[in-house]
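Peer 1: Letter by letter, the chains look like this.
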Amino acid sequence: MAPLLQLHNLTKSFGAVRALRGVSFDLQPGEVHALLGENGAGKSTLIKVITGAHAPDDGTMEIEGHAVAHLSPARARSLGIACIYQQPALFPDLSVAENIGLRLEKSSPAHLVPWAERRERARTLLDRIGGEIDPTAEVRTLSMPEQQLVEIVCALGAGARIVIMDEPTASLTQKEQHLLFAVVRDLRAHGVGVIYISHRLEEIFALADRVTVLRDGQTVGTNRVDEIDETAMIRMMVGREVTLIHPPPQNAPGEGVLALAGVGCAASGVRGIDLEVRAGEVVGLAGLVGAGRTELAQTIFGLTPADAGEIKLSGQRVRIDSPRAAVEQGIAYVPEDRRRHGVILEMPIAANVTMAIHSRIFPGGWLRSAVERKLTLDFMRDLGVKAAGPEAPGGSLSGGNQQKIALARWLATKPRVLILDEPTQGVDIGAKSEIYKIIRQLAAEGLAVLMISSDLPEVLGMSDRILVMRGGTIVAEFPRGAEAHEVMAAALGQKQQEAA
Amino acid sequence: MRKYSRELTVAGVLCVLLLALAITAPAFYEPQPLLSRLAREAPTLILACGIALVMVSRQIDISIGSLFAVSSVCAGLLAAAGWPLAAVLGITVLFGAGLGAVNGALVAGLRLPSIVVTLATMVILREGLRWQQQGAFINLPDSWQWFGLSQRGGQITLISCALLALFALAWASRNFAGIRFLYAVGSNAEAARLAGLRPQWMTFAVFVFMGALAGGAALMNVVQSPQVDPKSGTGLELKAIAAAVVGGVAVSGGRGNLWGVFAGVLLLASINPALTYLHVEAYWEKAIQGAVILLAVVFDGLRNQREIS
Amino acid sequence: MALAESTRKKVRPIGLLLFRHETILLLVLVGEWLYFNAVGRRFGTPDNTFDIMRHSAEIGLLALVMTPIILTGGIDLSVGSLLGLCAILFGKLWRDGGLSLPVAAGCTLLIGACAGGLNAALIARLRLPALIVTLGTYSLFRGFAEAITRGVDTFTNFPDSFLALGQNRFAGLPAQVWFFLPVAIGIWMLVHRTSFGRSFRAIGFVPDGARFAGLPVERRVALVYVLAGLVAALAAIIYTARLGQAKADAGTGYELFAITAVVLGGTSIFGGVGSVHGTLLGVAAIAVLNNGLVHARQPREVAGMLTGALLLAALGASEIPKLLARMRAPRHGAAPPLSPNNPS
Chain A
0 MAPLLQLHNL TKSFGAVRAL RGVSFDLQPG EVHALLGENG AGKSTLIKVI TGAHAPDDGT
60 MEIEGHAVAH LSPARARSLG IACIYQQPAL FPDLSVAENI GLRLEKSSPA HLVPWAERRE
120 RARTLLDRIG GEIDPTAEVR TLSMPEQQLV EIVCALGAGA RIVIMDEPTA SLTQKEQHLL
180 FAVVRDLRAH GVGVIYISHR LEEIFALADR VTVLRDGQTV GTNRVDEIDE TAMIRMMVGR
240 EVTLIHPPPQ NAPGEGVLAL AGVGCAASGV RGIDLEVRAG EVVGLAGLVG AGRTELAQTI
300 FGLTPADAGE IKLSGQRVRI DSPRAAVEQG IAYVPEDRRR HGVILEMPIA ANVTMAIHSR
360 IFPGGWLRSA VERKLTLDFM RDLGVKAAGP EAPGGSLSGG NQQKIALARW LATKPRVLIL
420 DEPTQGVDIG AKSEIYKIIR QLAAEGLAVL MISSDLPEVL GMSDRILVMR GGTIVAEFPR
480 GAEAHEVMAA ALGQKQQEAA
Chain B
0 MRKYSRELTV AGVLCVLLLA LAITAPAFYE PQPLLSRLAR EAPTLILACG IALVMVSRQI
60 DISIGSLFAV SSVCAGLLAA AGWPLAAVLG ITVLFGAGLG AVNGALVAGL RLPSIVVTLA
120 TMVILREGLR WQQQGAFINL PDSWQWFGLS QRGGQITLIS CALLALFALA WASRNFAGIR
180 FLYAVGSNAE AARLAGLRPQ WMTFAVFVFM GALAGGAALM NVVQSPQVDP KSGTGLELKA
240 IAAAVVGGVA VSGGRGNLWG VFAGVLLLAS INPALTYLHV EAYWEKAIQG AVILLAVVFD
300 GLRNQREIS
Chain C
0 MALAESTRKK VRPIGLLLFR HETILLLVLV GEWLYFNAVG RRFGTPDNTF DIMRHSAEIG
60 LLALVMTPII LTGGIDLSVG SLLGLCAILF GKLWRDGGLS LPVAAGCTLL IGACAGGLNA
120 ALIARLRLPA LIVTLGTYSL FRGFAEAITR GVDTFTNFPD SFLALGQNRF AGLPAQVWFF
180 LPVAIGIWML VHRTSFGRSF RAIGFVPDGA RFAGLPVERR VALVYVLAGL VAALAAIIYT
240 ARLGQAKADA GTGYELFAIT AVVLGGTSIF GGVGSVHGTL LGVAAIAVLN NGLVHARQPR
300 EVAGMLTGAL LLAALGASEI PKLLARMRAP RHGAAPPLSP NNPS
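Protein chains in written order, with numbering that gives the first Met the number 0: chain A, 0 to 499; chain B, 0 to 308; chain C, 0 to 343.
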């Protein structure tokens, strides 16, 4: 029987970043094929190629034996490919039944809505997945996992033959997970092929038939799930030649600067955080997507203020209830979403650099262009930013240079604590090395650095200590020199094995 | 039930007001003045239904007052020239739809913001009309008054037409796919595009429809007086939008139903006469109208904040 | 000077557009001036120029203060009504309240600021949509004006010394120019030379991004609406001086002119992009158009229509190339442009 999907040697680059470097993959009918890999391994790009959102630079794709070229999202849908993303494309103000109906019914506006049929179909589909979702409920009242289930239902209803699920259980409860598994098994029984992306090894063992591991845009290996064990999978995920240089620490760390005791924020799911960062120290914060690291950073920075525990800076208890308060206390946060929160693309570099220090650099509110320009040029020189000039808009910079400007903005506040959230995401190798040097230099100058990263080598290479988060709290701590598989295992929630 | 809490609240307030009037100023319910008031509000109801659909698709149209005036004059001129009712109705509606299509093309085709586009078309239409008419009233043939029926007969016909239109639109906004698509587009335009609902065409269509409704409303207005006042329709866009907002239609799109709009129209229309019958000076009408809008929007805002947390 | 340069060239790809927009507007203005000079009889005289200034001072003030509001991505439909209310209150405080004119003026300014504060509280604090809130206050303020005057009351018989403010000249220019200039300079400074102006743009471009940078978004947004109230009150006083009377319908329709001038001047209704000098050009273009058409013996309605058409042309000019590009692009399958932020 022809495989549902066959990919040969797919290549895809974005500028200097090579996201896929010759990936081959196949999906059989009635199979659950797991896709495993770290953040940045190429999973999302692969999915986008399969769903027609991106065209590959090279390589071939066959669907049920027929070669497919120039795939578009609409064409992919018509060929039976459906993807359940983490951000559902639903209509929040409309009911579940209507959402399903709008997706599945014909799209010409001139017909009467078959409400009875719609309700019936919604009920049938929802029953099939066993959820307790009320078809008349407005989608905006559903939790994120429930919305994902609705998306799955739409895919089911559309008769998709290839269903891709991207971290579907990231925020589901146990009960909801069981429902999801039942849905996946149901799909498999009907001959549908499921590409299942997940970090949770126990799920992969429970659900998948085969697993493919991606690393750095390449297929490391495809195995039957019953022929491989966890350790091997983890090693496949993380083993790599170290090509990046992570500058080692120069001095022993100094006094404690940031100390959290029992900190939590109910709204964001962070709880019971105890951590300490000392001057001159780079503390890496590892964990998987959904572990709560960004939420923790945003709590420390005052975007989602803590409602439990206490935060101390250099021994003084502080209350941080807004970003302004955080900045005043000397805390800086370089956000994960660079293009929306880190840099304002439409405004010039100089404006971006001074965005957080208005009261300091512009006393009385008056802009001082000469001072601003000099400051910007100094940062551009020190950080190695390549740009047309301080007046060039943020959007004209490459990812790496944008990240440096985002960093410059916060360095300008002369912080005591610097929180970096995925500092080298989407940055090319050259700029990465430069950023690592900068971070180490900052630490040497006495800054306390908390670095959130999903890039394991980065965490291992840069950190003086590594904290691992999972489920909203810190679950492990490792010293410098820890091994990749130890950290990954802790992030995944694996029980530690004896001297591996 | 909870889903309609907003509309029910408005209906509740309306009932309380009506009840209070029944007790303190029963003269409010005298049939003839009441009929006159209702007939005068019939065009407003039509416009409010139209603007509600525009807002549901996350757009706004502040040119409807001018659309109304221009259509009224168009109808008046045709009537004065002796054209029969059916023809005048058809042409006026088509004319309104054509003007609406201009709005639609600019908003949907050129992707210009609807607030500015309809601001410009409002001014162009209003000034153009003023230039053309020079304030001159148009005298209508006697046969046009109240469709040629008695005043009472005409008023009842108008009210029935408006209610019929309301029922039809309310039914359509539940059962006609095209209007459901408007809700989808207003709720999440990108998801609508992905689902193949063609948001740009839907946006164009809603402006055309709004124009057509303005034409129809204009005709309903024309038959109520012996002359057409070229300044009719001043402030009507505000009344219509206010009624929609009070009735639960959100500016952000995707929510609201026409029964709420109906309640909103009645509520706002009752304020002025209520003031008269309660011996409060009528000059407070605009202020109260503004206060009602603000209350409605604050109520919605607080409710949303509660829902989020 | 270096900054003046970089302010205009501030945002490169969009800079080209802004640059184009403002120079086109300037050309339009010059074109209008030349045309009306040739066609109209008394158009280019100093007297007439002063007339133009006199008649456009109030709308100019409203347009000036509307600019930072629109830069933050908001809008204020209530400024015209507030002008009317403030004019009435000014008259009432003076005539019925027995206050001296300067004191009445001071109180009016305060009331204007408070009224702006109402908008500020609802929009900045409660995060309600500016369009509907100011639609509500548009009605509320006008309603108060009508209620207080019972629809008929007018305040007149102001002393000549007061009327001079609106009708006479002072040091060679119409008196209201001396009020207009400081406000114009002040708001220009605020938007282009202070960190407040920076934050307005940041809030207009990416409100969340501004918050992440530690900017006090609510305070800044509140400021622009309070300022609008204050300036509307000032405009009301000048209006009353110019017309010699204060009626409840003062300022009707002014908000629309103000918004037209702002958008014409190149400020994007979505926020972030725009300039105060652009607004001034927009006000000038509209004022000269109105005045010139009178001199060319055209009916004043033509001015209104042309203004509306000009607004559409200004908006559409930048969108037509985009439309053509969209029509030429393949219908489906065009991969979305990639962000280097998210390569895998």
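The hints are simulated quantities; they were obtained by calculation from the structure and are not laboratory data. Please note: incorrect hints may appear among the correct ones.
[Unchecked claim] To give an idea of the interface, some chain A residues facing chain C are shown, with a C-beta separation under 8 angstroms as derived from the structure:
{"id": "1", "residue": "Arg318"}
{"id": "2", "residue": "Arg323"}
{"id": "3", "residue": "Gly329"}
{"id": "4", "residue": "Arg339"}
{"id": "5", "residue": "Ala355"}
{"id": "6", "residue": "His357"}
{"id": "7", "residue": "Trp365"}
{"id": "8", "residue": "Leu376"}
{"id": "9", "residue": "Ala411"}
Note that CB positions come from ideal geometry on N, CA and C, so glycine has one too.
Peer 1: Broken hints, numbered, in rising order?
Peer 2: Numbers 1, 3, 8 and 9 - these are the hints that the structure violates, sorted from lowest upward.
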